[in-house]
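Q: Just so we're aligned, residue 1 is where the sequence shown starts under the numbering used here, counting upward by one.
By construction, these hints were calculated from the structure, which means they are not laboratory data.
Beta carbons are placed, not taken as given, at the ideal position from N, Cα and C, and that holds for glycine.
Each hint should be verified, as a subset may be incorrect.
[Stated by the list, open to error] What follows is a set of in silico ranges between Cβ atoms, one per label pair, in the way DEER data are often shown:
| hint | residue 1 | residue 2 | range |
| --- | --- | --- | --- |
| 1 | Pro151 | Phe2 | 43 to 49 Å |
| 2 | Ala61 | Arg120 | 23 to 29 Å |
| 3 | Met147 | Arg30 | 24 to 30 Å |
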Amino acid sequence: MFLPRGDTALTRRAREESTLSAVVIRFNRRRRRYERQGVLVEEAALAVAEQRCLADAEARARRRARDALRRAAEDVRFTAALEAEILRLFPGCPPERAHHVAVHASVRGSGRVGRSAAGRALDETAVTAALRASVRHLDTPYDELLMARVPRNRARARVAAAVEAVLAAWAAGRQP
1 MFLPRGDTAL TRRAREESTL SAVVIRFNRR RRRYERQGVL VEEAALAVAE
51 QRCLADAEAR ARRRARDALR RAAEDVRFTA ALEAEILRLF PGCPPERAHH
101 VAVHASVRGS GRVGRSAAGR ALDETAVTAA LRASVRHLDT PYDELLMARV
151 PRNRARARVA AAVEAVLAAW AAGRQP
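Let the sequences and hints guide you as you build the complete structure.
A: What follows is the structure, encoded as structure tokens:
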């Protein structure tokens, strides 16, 4: 019986109960890669897995809610730590800018530098990269260059001196 992707608990339990299982994949031409569609499992195994999932659905819902609260608290602590690290490395950076950069860079699941392993470890390079991106977008004509169809690497090269000047001033504890 085909079990579509999406419910990890049901999929895991159905595969545990089934003596045979197969992953169903399909090639997505737009993304040019194979994508998992679901699994094939025995019908009896799926029925047992559904019963097991129904039995502990309430406990899993409570755990999800508890974990969501825990993650939200972790995110607030991480954002505050990132903001403090920005202000430590760049004492001349305006506090409201440091807060804005920390909030923007630390969004969970964003793929931004603040959520990378280096960013979570508050690595100086990652923190500087987050602040550099903010300066590039807010204090230089970088976005206008992109809108004028200047290639990204060329636009970055054009504004690099201005970005580094602002960062150097903030690192020295003064306004640019």
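Q: All hints are to be evaluated individually against the structure, with a verdict given for each.
A: Now the hints, each set against the structure:
1. Pro151 - Phe2: 43 to 49 Å: At 46 Å between Cβs, range holds.
2. Ala61 - Arg120: 23 to 29 Å: holds (28 Å)
3. Met147 - Arg30: 24 to 30 Å: holds (26 Å)
The structure agrees with every numbered hint stated previously.
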